[in-house]
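Take these sequences, add in the hints, and give me the full structure.
There are 2 protein chains.
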Amino acid sequence: MNLTLAIVFSIVISLAAFLMAGWLYLWIKKQDSSNVKIKTISDLIKSGANTFLRKEYTILAKFAGVAFILILVFLPKPIWNQPDFNAILSNNIAMSLAYVFGTVFSGMAGKIGIFVATIANKKTAEAATRGIAPSFLNGFRGGAVMGMAVVGSSLLGVALFFWITENPTMLLGFSFGASSLALFAKAGGGIYTKTADISADLVGKVELGIAEDDPRNPAVIADNVGDNVGDVAGMGADLFDSHVASLAAALVMAASIDSASNSHNVEMVFIFAALGLLSSIIGVVFAKMGKKENPTRALNLSTYITTGIFAVLTLLATFLFKFEWRLYIVTVLGLLVGVIIGITTDYFTNDEKTPVRKVAKASESGPALTIISGTSYGFLSVLPAMIGIAISAFISYKIAAPLGDGYALFGISIAAVGMLSIVGMIISNDAYGPIVDNARGLAEMGGLGEDVIRITDELDSAGNTVKAVTKGFAIAAAGLTVISLLAAFISEVNDAAIELGVAGIEGFDIMNPAVFFGLLIGAAVPAVFSSLLMLGVNKNAERMVAEIHRQFDEIPGLKEGLEGVMPESDKCIDIATEGALKELLPAGAFAIIITIIVGLIGGVHAIGGFLAGNIVSGVLLALFMSNSGGLWDNGKKYIEAGHHGGKGSDAHKAAVVGDTVGDPFKDTAGPSINTQITVVSLVASLFAVIFLTFHLF
Amino acid sequence: MNLTLAIVFSIVISLAAFLMAGWLYLWIKKQDSSNVKIKTISDLIKSGANTFLRKEYTILAKFAGVAFILILVFLPKPIWNQPDFNAILSNNIAMSLAYVFGTVFSGMAGKIGIFVATIANKKTAEAATRGIAPSFLNGFRGGAVMGMAVVGSSLLGVALFFWITENPTMLLGFSFGASSLALFAKAGGGIYTKTADISADLVGKVELGIAEDDPRNPAVIADNVGDNVGDVAGMGADLFDSHVASLAAALVMAASIDSASNSHNVEMVFIFAALGLLSSIIGVVFAKMGKKENPTRALNLSTYITTGIFAVLTLLATFLFKFEWRLYIVTVLGLLVGVIIGITTDYFTNDEKTPVRKVAKASESGPALTIISGTSYGFLSVLPAMIGIAISAFISYKIAAPLGDGYALFGISIAAVGMLSIVGMIISNDAYGPIVDNARGLAEMGGLGEDVIRITDELDSAGNTVKAVTKGFAIAAAGLTVISLLAAFISEVNDAAIELGVAGIEGFDIMNPAVFFGLLIGAAVPAVFSSLLMLGVNKNAERMVAEIHRQFDEIPGLKEGLEGVMPESDKCIDIATEGALKELLPAGAFAIIITIIVGLIGGVHAIGGFLAGNIVSGVLLALFMSNSGGLWDNGKKYIEAGHHGGKGSDAHKAAVVGDTVGDPFKDTAGPSINTQITVVSLVASLFAVIFLTFHLF
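Heads up: the sequence lines are chains A and B, in that order.
One rule links them: number in my numbering = place in the first sequence (from 1) + 36.
One rule links them: number in my numbering = place in the second sequence (from 1) + 36.
If you're looking for bench data, these hints aren't it; they were derived computationally from the structure.
Note that the list lumps identical chains together, so a pair holds whenever it fits in one copy or between two copies.
Below, a list of computed lysine-lysine pairs in the DSBU-like style, where the Cα atoms sit at most 35 angstroms apart:
(1) 389 with 241
(2) 618 with 98
(3) 394 with 98
(4) 673 with 575
(5) 241 with 683
(6) 607 with 389
(7) 607 with 689
(8) 397 with 618
(9) 82 with 683
(10) 683 with 75
(11) 397 with 91
(12) 241 with 82
(13) 389 with 689
(14) 73 with 241
(15) 595 with 683
(16) 241 with 397
(17) 389 with 618
(18) 607 with 241
(19) 673 with 394
(20) 575 with 607
(21) 575 with 397
(22) 394 with 683
(23) 147 with 327
(24) 618 with 82
(25) 689 with 595
(26) 595 with 394
(27) 607 with 397
(28) 394 with 618
Nothing here was measured: the structure is a model prediction, and the numbers come from that model.
And the structure:
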């Protein structure tokens, strides 16, 4: 297989994904929507989401501008150490441009996804009047636009940059751009959505005792906007980031092996990535809900079908292009482990299984036991995924090692590529969630009647279940990816060491005090990062609660629900937007700055330990927070379905406390840790040369 | 300095500690106590605590019996691989006996401590009628008996076994014995105390709205027993374990250096450890509360004085006996870092500082925000201690390294010895807490009047503040100790490798997949361990709540408080006792078995990673849980002092939820993780030869 052909193939498949996204958009657009009330609210949500994106991208642009200049001047090495302008052009300028395009491509995908999701929500709501199957299809296809756009732009960007620069190190710049955006989109969006959610609940449900989506509540629209910016755009940016990082790490290592041994690993990475996207496209086309099916099964089935298609297509490719069989096995193994981790994670958040049932029962004795038991199961839930990641890394390494020098670590990175290969389908399933969640709200606010709400409820519940699975999948993939970024970091350092004529690194010995030093501090970072995000949510929620109080006090007739009196929703949207971006900065800055400090103190060895500590504690906390949050959410839903006294009972009140605690766990801090891990890994790789040449000890 | 002299000096100081404990006991015994009601209740507590200890030691004896046989047959290497009976005697038999004595010495110290603490509680209560200073002195001296007994037996045991066997590896057996007991005492005691506490609160405070220590509540005595078995005996066993482990690790490395270079490091370790105990004895003698002082300051002052005395005495010893100056610096550095970590930890749990104040304020918006903000600060609180441990390990290594081969890692172990040198004083301060806590309950139940309760309240509050400091100290010391156990593990493996003629290990490279495999799984263990303990508390509390309900339903006149009607407290004590020991087993077994599985799969490299992952995630979670628990406790107390609406307000109710969640965090799971880390490290060291000779990959 010729490299150019492989790249062209990747580009063609990426463009096919965009075509698919366009077709899905046209399909959704031509679906019926006639209800004026629904349209009005949906438009409010759309405009709120766009406001957030605009502000987010504005602030990001400033941040990226500064980063652009820093990269231009310092990376991969200081501009004054480059021999001539050509070197500056093909290194510093190329990398800083790669960075900018990383942010732009990811931002573009987010914009497309939000654009369609905020149309699909109303279509899904109205389709529910015609039955569950068409409503499902609207929700799913709306989400699939995000899936196609994200993976299409990610693969397109990587392929283009590799083609132009022929230097995989430049991809680290592209990947860092994607990470920067993900930090804003995922963590910022996470703060946004939970600020609105908690504030709306605290004043609405707790203080005034009004319903969830009561239109009098000024924070309700912000809450619905939050679903879109946090769960559609944020999650998409997160997986864009992971996908790019997995490809970048694999390509750095593949190129290093290929240049030494005249093999074809770079081609293989591109072909496999493209086939993953192709499988997702096929999976999306055929995803439907049969007459007798339930939506959860339909979503899961499409994942399994995509997995199967991918396994067959890569088998053919391996046969046809004579790729290494061992690498094929590793790829499929990575994907399978991902699916298994997803399924095991489901056990801890599914309301048909013991943990949710026990937590619901414990809620009868008050909120303290809800929290204690949920925390306990949350801690327990980390075990299968941690073992899964550990085993897949270990086995991939062992399987790939006999292929020769460099293959062992490359094996791990290929397992990560395999795990993330069907990410197009994963995102489609995931973005389905907030769309049907929005649709449920619209059905209620638009007065579509009980039957329709029941249908959207069922779709929404499927979204929650599937979300837990995809989250486990995403966290595991991030863990594996970052292990391969660690390997990429070594490649980077050693290439630089040869050039500088200094000693490179063999590995990171835990008994080396610099490594251990890094290990401990790296492990603390995800905890502190989460802490800062959650404190940000608290602070921002305080502001919004004050605003809601003000409106209920000052707007005559609002509390009483007088006809025609509307709350000033835009004020709440402004608070959520500005607060989210402001509160995000300390957390992001902390993660980046401490990485640089550790590197400057202990050099590349300290950074190796730092990244390892960061991965293990990051994966641990991310799994804990995502799973316990999902568990509390479903525990509340289980009680609301009529168990342990049902809605309004003491058990329900306790479960609501659990759900509220779980909100920032599962939607702000937990999933943002993924991004934090990738960001610090990339900072480390980008500063590799600087840490190699200067450190205190 | 002659080795025999150094050992004799250690033994003499240990015996002096016992004399001191005896003198303190006699002093306490001759203090006034005349109130019959108080005596009756105090006797109930004493007998409950003894029941628990008896059952605990009975179950432990079975466990230890099995372990004894296993060690005898298999460790340090299988009995059939030993050349002759002499080798069996001086290895397998010596180690299995060392194991048994490790449990016996620690158990003895616990027994002495409980014996005096359950007398000191009533003396402290009655002394409060004469003023705060005499009451303080009773509480402190009662706690100091535990301090003296623990460190006296720990140093005595280590010195005797080293003297007899002349083989530091045998100390690992002694240390493992101490760990086994600590597992039962700390984790079992932790389940006990929180079962009783939560059950008493749930039925008493929450359901019936009666006061904390209301004598009608059948769980009240069990709750007071829990303070003793969890906080006196459990905490003592935990620190006995850490102290022995730090000495064992240091001696293993010192002996290895000394045999290669004819230096005097073993002597130094003994002399420094003895001087630490001597400093604590002096500190205890002079600890008093001045007229104008407050109890917190008195406790802290005694710690600082002891620290100062230790620094001066070791300075003199270093000068006199020509020990290495670099090692002196490392020792004092370790101690100073411990003190600094304690002080920083205090920031997060002190009700005069921001975190507690903010959490108290957040409680106004309901329990969900209490939990979210407390969790956030808890996560934040890990940073100073993690950085402190990282820096002290890094710097100790760098300072000691120039002394020659083996000194670098020995430096870390000496820092741990330094940090734990004043542990006699730390335990005295810590055991003071449950004694004055008990005294407060006795003062209330014995009707000693408002003034006396106010005094015991003040003493109790000082106990809480100091406890947070000592916990930070203990966790940090455990972290540092286990790093040196990791180094001891390498020594073990390499000695065995030479003997077996196989390759030893240089270190643990994170990029080695076996190491990374271990790292991930090791990191998951403390989370799962905590989870199992907390689920155990929940399960056990369910049983006890059912029993309390039964008594209120079936005993006529109990609920109404008829004169002469007493609850059947012993039933609750039985449930707490049996449940605690039963629920503890899965957690303990899990930790031990997974260590062995990882070792058998990935060999010594996987174990190296496993231990490192276990330390970082263990220290992280232990700090998080201990600190957030302390924070919630003090947040509740702050509100009860009249802020944010005071007792009975909504903020108070929310803070009570936080406090209840924090209970198993800070008193069951958090501090038990210390023990889990040590147990796992010792299992690894003991099985070193087996993992070296047999593993799957």
